[in-house]
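2 protein chains.
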Amino acid sequence: MATRISKTPQSPTAKADKKRGDVLKAAGKCFRKTGFHQTSMQQICAETGLGPGAVYRYFTGKEAIIEAMVEDERRQARAMLLQMRDAESIQDALAMATRMFAERYRASGDAGLMTEVYAEGMRSKRTGAVLRRIEAEWVMGLTNILRVAQARGQLDASLDAAQTALFLTGMWDGMIIRQHFHAHDDPQALPAFFDNMIARLLARDGSKPETRSKAAGQPAADLLTGVEPAFVRPDTRQMSLI
Amino acid sequence: MATRISKTPQSPTAKADKKRGDVLKAAGKCFRKTGFHQTSMQQICAETGLGPGAVYRYFTGKEAIIEAMVEDERRQARAMLLQMRDAESIQDALAMATRMFAERYRASGDAGLMTEVYAEGMRSKRTGAVLRRIEAEWVMGLTNILRVAQARGQLDASLDAAQTALFLTGMWDGMIIRQHFHAHDDPQALPAFFDNMIARLLARDGSKPETRSKAAGQPAADLLTGVEPAFVRPDTRQMSLI
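Residue numbers (the UniProt record's numbering), protein chains in the order written: chain Z, 1 to 242; chain R, 1 to 242.
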């Protein structure tokens, strides 16, 4: 694999890359339509218009295709993190992520495939390992973005950045699932509301309600406000995100 | 089906109910282990220890079994809503839900099955219809609980209760997924953090940071705080939850 990568579209490498991409695209189409486990390699071959020999040259099977798709997700996640890092403010960055996730998974086939890949990752060790890696990278990248925002005073410094990153990621997944099951609603309303909630949640002053003591029970948020805000110095060596 | 239900354990109805429950349990075990689509009816029969005739007497196939499982979820959701309604405060109620969801789906097989059912509901019309119904009931029940809390002054009255219910539901789903992929972490830490975030989010005074204007960009939360808090009168006729 140490061949020099030629930029000429007709080069064997570029042709192979294109074919590989075509197989991935065709497989994605099949998976979206009938699901990962109900799709056979024969159906993928038929959808691609290539013979089995050609398809198996690139992928040993469906699991290898899923892995390649997850790797592709990783590249997209990296690109998203870079865009978020370049945003004007943390609010803009998070609003951008909410919008991008909402749009990317609006089609039910896409939301279904994402959900199925998660389910697969909970059962298959191989898919699970790939997912865990991409998840760890994403969460670390997002954590760094949050730490920088804290250091800049754009974000409540008392928040645990890593936990907040996990929370936001979970929230976006939940939004994608809800977006599907409430598809009859205004498609803009749900992402807009999630966006509002995030902004509200991460507001710099946090929640220090003078009315809090009037509420019955001691809200757990007191644990947060009780923490002395620490100035978090971002680890600049990690700022390449991942 | 208008037979009188006898309470005697040996009655034919009770026996049938038990057998039906056994089939559901066995199927759940298979689905958790190998996934919904990779499990055959034969495997379910083998796990149950019953012949195919007995199994098919209760369920026409795997889809009918999934439906029965979702119906069972519905009963559990109703019970959870009733418990939440009886909680001391809305903070207690939501903390209880966070804890219950975290515990119930801690095992990866359970989280995997939940995720797979969602994926199935995004593709199969039949499963999707059942899921939409249970989802609508849950969201309506939670919305009512939030409205009552608003009316009691325990919760920011400017929040859209229905959207907040959707947001919370999405957040819990996300927590369950994250809980799986970060299983190496302290199992209590993630639910505790989600709990803190919820309390922070729903604090009665909302987010009216005097420092907000210093942050770059106009945070979307201003849309919320700009809304004149309306006293929401809960529809008491709906208070049977669902």
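Check before you lean on any hint, since a few could be wrong.
Copies of the same chain look alike in the list, so a pair counts if it fits in one copy or across any two.
[Unchecked claim] In the PhoX-like style, the derived pairs of lysine-lysine whose C-alpha atoms are separated by at most 20 Å in a straight line are: (1) Lys29 with Lys125; (2) Lys125 with Lys33; (3) Lys18 with Lys62.
Rather than coming from a laboratory, the hints here were simulated on the basis of the structure. Note that this is a predicted model, so its numbers are computed, not measured.
Earlier hints that do not hold, by number: none
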